[in-house]
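Starting from the structure of chain A, add chains B, C and D where the hints point.
Number of protein chains: 4
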Amino acid sequence: MKVGFIGLGNMGSGMAANLLKAGHEVTVYNRTPAKMQPLIDQGAHAADKIADACRGDVVITMLADDAAVEGTVFGDSGIFNSLGSNAIHVSCSTISVALSDRLTAAHAEAGQRFVSAPVFGRPEAAAAGKLAVAVAGPPQAVKTCEPLFQAIGQGTFHFGEKPSLANLVKLSGNFLISVVIESLAEAMALVAKGGLDQHQYLDFLTSTLFNAPVYKTYGGIIADKKFRPAGFAVPLGLKDNRLVLSAGEALRVPLPLASLIRDRFLALLARGDESVDWSAIAELAAADAGQSVQSKEAAAPGSVASTRR
Amino acid sequence: MKVGFIGLGNMGSGMAANLLKAGHEVTVYNRTPAKMQPLIDQGAHAADKIADACRGDVVITMLADDAAVEGTVFGDSGIFNSLGSNAIHVSCSTISVALSDRLTAAHAEAGQRFVSAPVFGRPEAAAAGKLAVAVAGPPQAVKTCEPLFQAIGQGTFHFGEKPSLANLVKLSGNFLISVVIESLAEAMALVAKGGLDQHQYLDFLTSTLFNAPVYKTYGGIIADKKFRPAGFAVPLGLKDNRLVLSAGEALRVPLPLASLIRDRFLALLARGDESVDWSAIAELAAADAGQSVQSKEAAAPGSVASTRR
Amino acid sequence: MKVGFIGLGNMGSGMAANLLKAGHEVTVYNRTPAKMQPLIDQGAHAADKIADACRGDVVITMLADDAAVEGTVFGDSGIFNSLGSNAIHVSCSTISVALSDRLTAAHAEAGQRFVSAPVFGRPEAAAAGKLAVAVAGPPQAVKTCEPLFQAIGQGTFHFGEKPSLANLVKLSGNFLISVVIESLAEAMALVAKGGLDQHQYLDFLTSTLFNAPVYKTYGGIIADKKFRPAGFAVPLGLKDNRLVLSAGEALRVPLPLASLIRDRFLALLARGDESVDWSAIAELAAADAGQSVQSKEAAAPGSVASTRR
Amino acid sequence: MKVGFIGLGNMGSGMAANLLKAGHEVTVYNRTPAKMQPLIDQGAHAADKIADACRGDVVITMLADDAAVEGTVFGDSGIFNSLGSNAIHVSCSTISVALSDRLTAAHAEAGQRFVSAPVFGRPEAAAAGKLAVAVAGPPQAVKTCEPLFQAIGQGTFHFGEKPSLANLVKLSGNFLISVVIESLAEAMALVAKGGLDQHQYLDFLTSTLFNAPVYKTYGGIIADKKFRPAGFAVPLGLKDNRLVLSAGEALRVPLPLASLIRDRFLALLARGDESVDWSAIAELAAADAGQSVQSKEAAAPGSVASTRR
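Top to bottom, those sequences are chains A, B, C and D. Numbering of the first sequence is given in our numbering, commencing with residue 20 and proceeding in unit increments. Numbering of the second sequence is given in our numbering, commencing with residue 20 and proceeding in unit increments. Numbering of the third sequence is given in our numbering, commencing with residue 20 and proceeding in unit increments. Numbering of the fourth sequence is given in our numbering, commencing with residue 20 and proceeding in unit increments.
Chain A with its partners taken away, still in its complex shape (with noise of 0.2 Å):
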């Protein structure tokens, strides 16, 4: 397929990269021009302004936030006055609610198709291709697009015809890996003061009942105390959370335990370090603990990516 991407941040190299060994026809488009060197290696066309990324079936948004994506789409030689009749844009970025209602209106008016898909997955994921893809849009549109989500995930969900609704699964998915955060950053807190191991409490937690990658991953973090480098920085988190805030305002549905968090994420970035890890939470509550935490730098960034897994 004829496809357009723009964004190749850490998440969007790796799909693009993935969309070119599936076969398909990938034209790339970043704003920093130099991350689009690799994609051309590997075989990418490479668009000089948007609207070059816009002359294919698709074009595919990865990109860091709402204000990122209004500018892509609605700016003057944008998407949405470049993409052609019937054209599809898929929208993987993490955005509001919100937008993506606002997206769903404006491609509709414009004769173009919208659809959302929100990836689950960290960079080293989407690398591999092992992404989970959240998806809701036109039924034709989202078969369409079914061979692309196929190359980048190792599964792709479907959550029915309004777009925004992927996005919602998204940020409340979000939502729930920050609670994991802090749940453990308190029972592992609370268990380290009363002298147990947390490497060993944590093992046993994910041999029987949490079992689950999300726990491995977070729960290794806080035990190595390994936030630097940054997998999902502080600010990404404090936005996720504000977006899964904002769509529960919009509802009417208060999230107790997101205002929750939302708190910590200030708390840690009026510290004044906005490159570390959303996870070290963790670090808070260990001081509401009494227990200094020495945040340890990574030795190689090698051994922090496999810490990670």
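Simulated from the structure, these hints should not be mistaken for laboratory data. Treat the numbers as computed from the prediction; the structure is a model and nothing was measured. All the given hints hold, so there is nothing to weed out.
One copy or any two copies: either way a pair holds, since identical chains are not told apart in the list.
No more than 30 Å apart at the CA atoms, straight line, and that leaves these computed lysine-lysine pairs for DSS-like:
| id | residue 1 | residue 2 |
| --- | --- | --- |
| 1 | 235 | 258 |
| 2 | 181 | 212 |
| 3 | 162 | 212 |
| 4 | 54 | 40 |
| 5 | 258 | 181 |
| 6 | 235 | 181 |
| 7 | 162 | 181 |
Chains B, C and D only, in chain A's frame:
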């Protein structure tokens, strides 16, 4: 091994039966004698009084709470006064860290040994010999009891020589489960109000990052609104919550998530129905979202059990 | 002084009337023209459009929210384009810190001056000229406006040269009020369930440590269950809560009490009734205590007003 | 009147002195006898043992906590065994609702009478005879004690015949104070980080809506960072918080604000300093805002006391 077993409730009956199956010579005691008959039918000896269950190498207690254990141990003809020198008291009940420490000291002073071995799992797991057993105590005593743990569980996890550390593991584990319930309750209220099907949402979660038994079990109960009959009634949930908060207080460790969930349990109990499952705090999250929830009565007990697996 | 006054709601009408009484030449503007008539009857000039209210030394805005102020200031024939050089825009509305900063910069660039002067008090206080005025802005401009503040308030409090600091005072003040409401709600639910009369309890509190107007006003509303008609409707409460949380987020200051109260407002709104007073979060505290609350309809508006003093 | 007075701490010493000044015949008892001397110098009789303080019409207890009261009442030669028929035990201590109920039943059974009369005020108020007294108990007994309440307080407030209701008033009152502290802590952290002077801010608050003693006292302590020496040490704050949470638990009333503040007290205690004032939770709010707080040592005790009025 010659073993006494005190406390034949939903959990204890299954555990004692598995000890018999494994070939141990078991003398059972229960305050309400009628509950002893099924075990006697399976080959157990009946104890007329607590002391009669204390004549072997080991006596196991599986009782409801601190008060029940205190009464059984420190009563006039209780375990403390009946157990032989060097014999072992294994406490499988979910009791406080403080009582565990008190039992440790008392038994040591009397020349007896104390092992703490709280278990994880619902009654079905107890019946199937598939509990997870968290053990701490004097190494020789723990080693002696190993065959008993193998008979009742599918895995034994060791937490050192201080018995109360196993209780801390148990209490913090139940705390983590309660957080899973509350987080699912909030997330599922959000997506449901947004228009998603809760089962579809849950299938996604438990196929990806959250594929752990605890998410499947409680997500299913919430989606099905099967809060009755209770697998673990809300007063028990509140009791365990109180114990983990007490442990945190003694150790000077704040547990804000436990505090939040405590208030949920109280609000649930304030309705006047103590027979509901602790996961019915999901009804509060739904009510706060303006969604009235009608708890379903189970059509048949059998179908409920299977739902909960 | 020659003054324009924009925004004749419950608060603005009283404020404009007091400016007239103090002898100022007031030109009023309101989007819904009918509300101008009572002021015209009291001697005000009528403005056909915003620009007509901007021909004096000072223009005051008293509008519902950020959006209303933005529209009034930055619209095509808005204040920004109409106000003379060196003339003063006084914003009395409860707006965000961010908008206040933006107005400061915009007016400065246009050679105009901006003073922030949010007010504390309910509509009756506005009518009686008994508001408390929190002021910040360029000293000369503030001095020029002093007679206006004296006309609308019984006290002017200065917070320096940076206008948005007055907004921070206003927002944090409303936050403190919301906490008083929630704390009274919880305490009064507790003592009522224990068997005490809420009025008797309140009399004690407000005769001793808590003899402040805010405890008397809101304690009385809660004890009387007079949540309708609203003196300050819950959507306004949620808006101000959102603004203080935003200010906290921008400054990296967690406000856990504000987070908790946010969830109360959302749960209240989830019921579907937006016309209730923000103090009706007391109904949620009562409901969580298992006490059904029946909000009383006021027999006559007059009696309600007096209750609230 | 012939009165026994047991418990001559910071509060009790002042109260007993005021009873003497009012002309009552007072026999004092204190576990540490040295503290009796100043009262003896003022005309009190000394009791060698508790029983000696129980020979009059009334015995008053002003002790630290439940355990101290239980020991004093139910010990072998305690109040219960020493007090004459129809004589009155007045408990001024801040004790649990449960213990108050237990004392009510025990004294009634023994033909004695029990009045609960917890007091509000700091040690200076006790010395000045300006406490607020919350009273509940059998009407005749309360009437008999009226002159005593007038001697120690500036106002007596009646809460009916059930003694424990006065304890509920006391505990909920302390809860309300703790919320004032936390709310000021958060608001003052916010405005300080925004650039405002905390004293200026506080002057505004306490000149307008919040002109109550509790805001002045604690706002001043926070702005001055005078958390040492403690007027009311954090372990006492935690104790009272525990008692109000217990009362809430027994009555099935969630108190989310009390839960939040509990976690603050624990985090404060986790630092290892138990001698700080309970209002030092403001240091936690400041720390969460990224502002390091240096608690000032008082230059002279006298100046601290005056700061706190």
